[in-house]
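A.B. asks: Each chain, written out:
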Amino acid sequence: MKDDMNKIVDRILFRYPAKVMKNRKEHILVKEPEGPKEISANTRTLPGIITNRGCAYAGCKGVVIGPIIDMVHITHGPVGCSYYTWAARRNKGKAREGGKSFLEYAFTTDLQESDIVFGGIKKLAQAIKEAVEIFHPKAISIAATCPVGLIGDDIHAVAKKAQEEYGIPVLAFSCEGYKGVSQSAGHHIANNKLMKDVVGTEDIPENQRKKYSVNILGEYNIGGDEWEIKRVLNKIGYTVIATLTGDAEYGDIAKAHNADLNLVQCHRSINYIADMIEIKYGLPWMKVNFIGIENFSNSLRNMAKYFGDAELMERTERVIQEEIEDIKDEINRYKEMCKGKTAVLFVGGSRAHHYQGLLKEIGMETVMAGYEFGHRDDYEGRDILPYIKLDADTRNIEELTVEKDERKYRLRMSPEKLEELKKEIPINQYKGMIHDMKDNTIIIDDLNHFETEMFIKALKPAFFGSGIKDKYIVEKMGVYSKQMHSYDYSGPYAGFRGAVNFARDTAAGIHTPAWSYIVPPWKKEPILKGKIEKEGVEEAC
Amino acid sequence: MLNNTPKEISERSALVVNPAKTCQPIGAMYAALGIHGCLPHSHGSQGCCSFHRMHLTRHFREPIVASTSSFTEGACVFGGKTNLKKGLETVFEIYNPEIVAVNTTCLSETIGDDLSEIISSTNIPKGKTVIYANTPSYVGSHITGFSNMTKAMVTHLASKDENGGNNKLAIIPGFVEPSDMAEIKRILKLIGIPFIMFPDTSGVLNSPNTGKYVMYPKGGVTVEELKDLGNCFGTIALGKFASEAAAYELEKKCEVEAHVLKVPIGIKATDDFIMELLQMTVKEVPKELEEERGQLVDLMVDIHNHYHGKKVAIFGDPDIVTSMTEFAVSLGMIPKYVLTGTPGSAFEKDVTDILKSAGIEDFRVKAAGDLMELHQWIKNDKVDLLIGNTYGKYISRAENIPLVRMGFPILDRVGHSYFPVVGYKGAMRIIEKISTALLDKYDRECPEEDFELVM
Chain A
1 MKDDMNKIVD RILFRYPAKV MKNRKEHILV KEPEGPKEIS ANTRTLPGII TNRGCAYAGC
61 KGVVIGPIID MVHITHGPVG CSYYTWAARR NKGKAREGGK SFLEYAFTTD LQESDIVFGG
121 IKKLAQAIKE AVEIFHPKAI SIAATCPVGL IGDDIHAVAK KAQEEYGIPV LAFSCEGYKG
181 VSQSAGHHIA NNKLMKDVVG TEDIPENQRK KYSVNILGEY NIGGDEWEIK RVLNKIGYTV
241 IATLTGDAEY GDIAKAHNAD LNLVQCHRSI NYIADMIEIK YGLPWMKVNF IGIENFSNSL
301 RNMAKYFGDA ELMERTERVI QEEIEDIKDE INRYKEMCKG KTAVLFVGGS RAHHYQGLLK
361 EIGMETVMAG YEFGHRDDYE GRDILPYIKL DADTRNIEEL TVEKDERKYR LRMSPEKLEE
421 LKKEIPINQY KGMIHDMKDN TIIIDDLNHF ETEMFIKALK PAFFGSGIKD KYIVEKMGVY
481 SKQMHSYDYS GPYAGFRGAV NFARDTAAGI HTPAWSYIVP PWKKEPILKG KIEKEGVEEA
541 C
Chain B
1 MLNNTPKEIS ERSALVVNPA KTCQPIGAMY AALGIHGCLP HSHGSQGCCS FHRMHLTRHF
61 REPIVASTSS FTEGACVFGG KTNLKKGLET VFEIYNPEIV AVNTTCLSET IGDDLSEIIS
121 STNIPKGKTV IYANTPSYVG SHITGFSNMT KAMVTHLASK DENGGNNKLA IIPGFVEPSD
181 MAEIKRILKL IGIPFIMFPD TSGVLNSPNT GKYVMYPKGG VTVEELKDLG NCFGTIALGK
241 FASEAAAYEL EKKCEVEAHV LKVPIGIKAT DDFIMELLQM TVKEVPKELE EERGQLVDLM
301 VDIHNHYHGK KVAIFGDPDI VTSMTEFAVS LGMIPKYVLT GTPGSAFEKD VTDILKSAGI
361 EDFRVKAAGD LMELHQWIKN DKVDLLIGNT YGKYISRAEN IPLVRMGFPI LDRVGHSYFP
421 VVGYKGAMRI IEKISTALLD KYDRECPEED FELVM
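Line order of the protein sequences matches chains A and B. Here the first sequence is numbered in this note's numbering, starting from 1 and rising by one per residue. Here the second sequence is numbered in this note's numbering, starting from 1 and rising by one per residue.
These are computed hints drawn from the structure, not numbers from a lab. Don't be surprised by glycine CBs; every beta carbon is placed ideally from N, CA and C. Be aware that a few hints might be false.
[Said to hold, decoys possible] Quick list of in silico lysine to any residue cross-link-like pairs, SDA-like style, CA-CA up to 20 Å:
#: 1; chain 1: B; residue 1: Lys-393; chain 2: A; residue 2: Tyr-489
#: 2; chain 1: B; residue 1: Lys-212; chain 2: A; residue 2: Tyr-489
#: 3; chain 1: B; residue 1: Lys-81; chain 2: A; residue 2: Leu-150
[Claimed, not checked] Just so you have them, the derived chain A footprint on chain B, three or more residues with Cβ under 8 Å:
#: 4; segment: 85 to 98
#: 5; segment: 418 to 425
Extracted from the complex, chain B is given alone in its bound form:
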């Protein structure tokens, strides 16, 4: 496995090997699916739309439906205007969505198609909406695409009414699972805060099998709610990379105050999230939530011996990885390598701050890295555990290090759509996974005389 990866690290300035990111449009498509009745539309070659649908489908095991401008060579020469105009007309006639969210691709961006002009000159049926986001694949990553489409929801739809607020909190969950979005909503409901979550893929990408296919499942933030965002009393954006841009856009456009926090993975980030909620709304914390927290602490005390002091490599998307690193520190683990493929110096700074303030000195952190580099670090100085997406399974097998699957994508295991990793309950699930991964390996490999019943 990965036998061609040498231990010696040589500098690479051009060749990316085993990327730890993908391109913008897939993130935009995921965000768009979090709008109720939305059909994402990919303005580019058919292949982009096909790849994105395939990959999201593999991750969620759910229908991912999106349309495409089906560029041909002619469209590249003359521009994609006709393809988009005709495409949108066809989409509304046949698929009847409430809203179409168009994302660009590297192709249409390089051509320079002016989406604003094309869409405004298209005959959109009455009562239907089209929004768009520029998502060039050669800038940022899939997280940037998610951020851009989320921001576009504000840019194109949010407005502020003259007659005052709606008394709701705007909440941006970030590039997390439908289960995580549902868990964040549960916490808000427990505290008793009315809210508008956008995007919201719960109820869309974890829909039930009822024997009937519904093209637009019941979940998702509605267009009406998106319009109402300008009347919210404040925004909580979870994750700098995925959510911050939309929150600042809402602040700029409608003077809704932005509060940017970490994605609430782990005890500390969840505490921060809840404290922020309480401070913003002057509400009491419900007993139920306090009890969940207490259970989490109980578990952390009870089985710390399973993982305390273990070295861990954490990789994936920046917002998730940052929070996970903080949680690993809370668990007494030692994050030795922390890597994301998404570019951005804020990631390196935030992770460094977390590790340094925990007194950890011997670590490497990198944004815009790839998995080959992570593997080489590990080859040179091993860790006990990997936490990251499915692509980590190659390193895991090559180096015989257990992998806890977290983040996007997870293509070879299930659970992520249904069981959250955010909040106190999510933190307990992470502990369960970490502990199980480490103990399973021990049980498989330890000498028979050391094989124990109780651990």
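Chain A extracted, bound-state conformation:
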């Protein structure tokens, strides 16, 4: 089997022209027992290659900033970028009592040719004015699209002026689509700004702070994931101050520094801010995985260990037991339908790792996995961070340096105790996806159209978890493909009840009767010769 995987990879690479082969070879590896090799990631996609990747704007406005519910998010540019990020990503949200949500709206300056020629600054300022007067939002964001950077519109100056004039925060993001090599650059740009201008601006007085306060970072409430996670956390006794950024209000993020622990779900999109918050405000972060029963349970146990309270630990165990009791029969039913089948995962920057555990729980092995826009540390773990060479594309993204905020910095526990805990639970640590994968599985970065087709043919998985762009390609090949960005409009998939939803949908996807009809009967069964002569001839005439 071992040889097979390497052979499969070589056979596919061999079909490429030399230059492309050289490039792609570095992005694919087969896990071997001797320890992980280096994988190339977060580098440019070759022009012409049919990639799934998007742009910095998509990562900034689309992923990180867009889900903040009570802000008016103005896209400064021609109409398209705003339009495509309008309500399509399933980051759910609900207005708080007396509050607002703008999630079903799209706002744009809809730049026209004359704006490109003469500059779009005046139009942007006017658009902000109109947004304030009509909608009275808590805050406004401005996201730059490609041409804005080229024509030199100073969106930061406009934002500053508007902020002074209207007395509400106006955040400008220079997330032009050409920056970086994928959505990832946009996450970084969004993190920097939230850190600079939002986190830490609203204190919770000491007497109002609650025990076991946490933030959930890198959780965007796709299909209601955050609500399901929060349901369980609240049941155990945690208070979630801020989620970045699923169903978040601006004010939640401003208060985030008051929590006692940051939980990092999507490492790729949000690790920057987790690190910076620790340096500035003293609250550590811990890697969690809320997908799958065992992963979720372990994350809850680690959280309890962090707070070190016997009663909390006991309550955690009780809740885990209760929740599992509720779902186990149903999960087992779906496991019966899925066990022994194989899966391929190609998703963003964390789900390709997170879902492997849940798939295993329903009896499915992941034979290949990769990230669309992950970095080396998402594959190989954070230990390699000092050794990552920054190329020109990454260096163009601002690396924000923060300092300890002497007034607000607060140690949550003694450094010695924290060091002790680090030995036991993943505080400030992420071991990466490769660590959890079996030997002789394939790890692939920035999987493209050609490789998708080839690997599906070679590996014949029962399940391909990816996005909308390759879903229907794979399904035409007779293989169930599930959108892991939008959950095929289902969900939640996180937490205990989410695991059941995922198992149910996966079992349905693999077993839906439609697959059995792909080959028509006349291609499967011989047609009686006599019958053809009798009736067929007449018809032919």
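Keeping the supplied structure of chain A fixed, place chain B upon it in accordance with the hints.
C.D. replies: The following block gives chain B in isolation, referenced to the frame of chain A:
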């Protein structure tokens, strides 16, 4: 739902809220997919190509495959020449399309990349073709992009032979569904008119599941047919906004006479289409078609009581909306609000003419509008029915007005790729949808004592 939209309408000169259009390149990509063996290529940032593929995929639930020049910051400084040249080489080496149709983006347009120069200096494999269209996102809308790419097919490929015509009609269906294109072809075949349809996404974006993935499905107009366009005896362009430019280009380039008609949605526009076909070819109308028309009229008489006199708001793309407005009038409905996001005064004029000649005075029509404005109109004076794309579902829920989905995009229902809205049969389908939408609401909400078995 849409709770932040105030009833009071204040003038907005800069902020567009809930747009009723999107940008040019997606339209160009859709048109390019209507060429057989074509790989659309987006000359810009990766995000453009990704967004367009995603959105088209959501609408068609089919593979939408396209490549990109993957601009980085460096490409913006030095221009996108290297990215496009290398991109095209890679595309032909790996994906082996017959033809690549390049569209620009706001990025490459702002940089000022000269596509003609770049492509002519690129090593294109023998027998392969590259065409391009300038599709700046800051001009027009996705319909403009469709129009520009369709026109580019003529500009780059059509030619006229010395030795006479091909006896075929050139037909441009406009930004309509694969099912609509197939229906238009069926009508032409019924009458017996040989034709070249371009673009033609039927058989491309409604392809069967056979257990085998085919990167270039069987449908689409071929490059050879596009070259042969100059030998056609005439062009019928359906829709001013999506199709007219290509027809005039063909007239200018190869002296093929252009006939610009409405997209044949509804009885009147279909009648006009068929009359034009008959006049151009001196053919008889086939019995089958006349029977379909008769069935349509029969249905219009039978259930007019379901919708006659109802007020309707129609929004979406200009060519579709114009024809739909005309059909609504034919059904005895009252189009009260008619709106498109695409700019163009011809839209306002055409719709106004239709409504005025039907004696309707109390209406609003707007080009370059957005859905927030439409919603505010409705908040101030309600309608009974909405007809438009999926984005209308927010207004529909907020105001409890049923929505008949029509146009682009439809992201939350199926059927559009398979069942046409053009022609007489398409008109019957529209009636079915309108009637069902209105009656479903009534059945759900009427008092129990008014709940009826037969309607």
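A.B. asks: Which earlier hints turn out false for this structure, listed by number in ascending order?
C.D. replies: 2, 5
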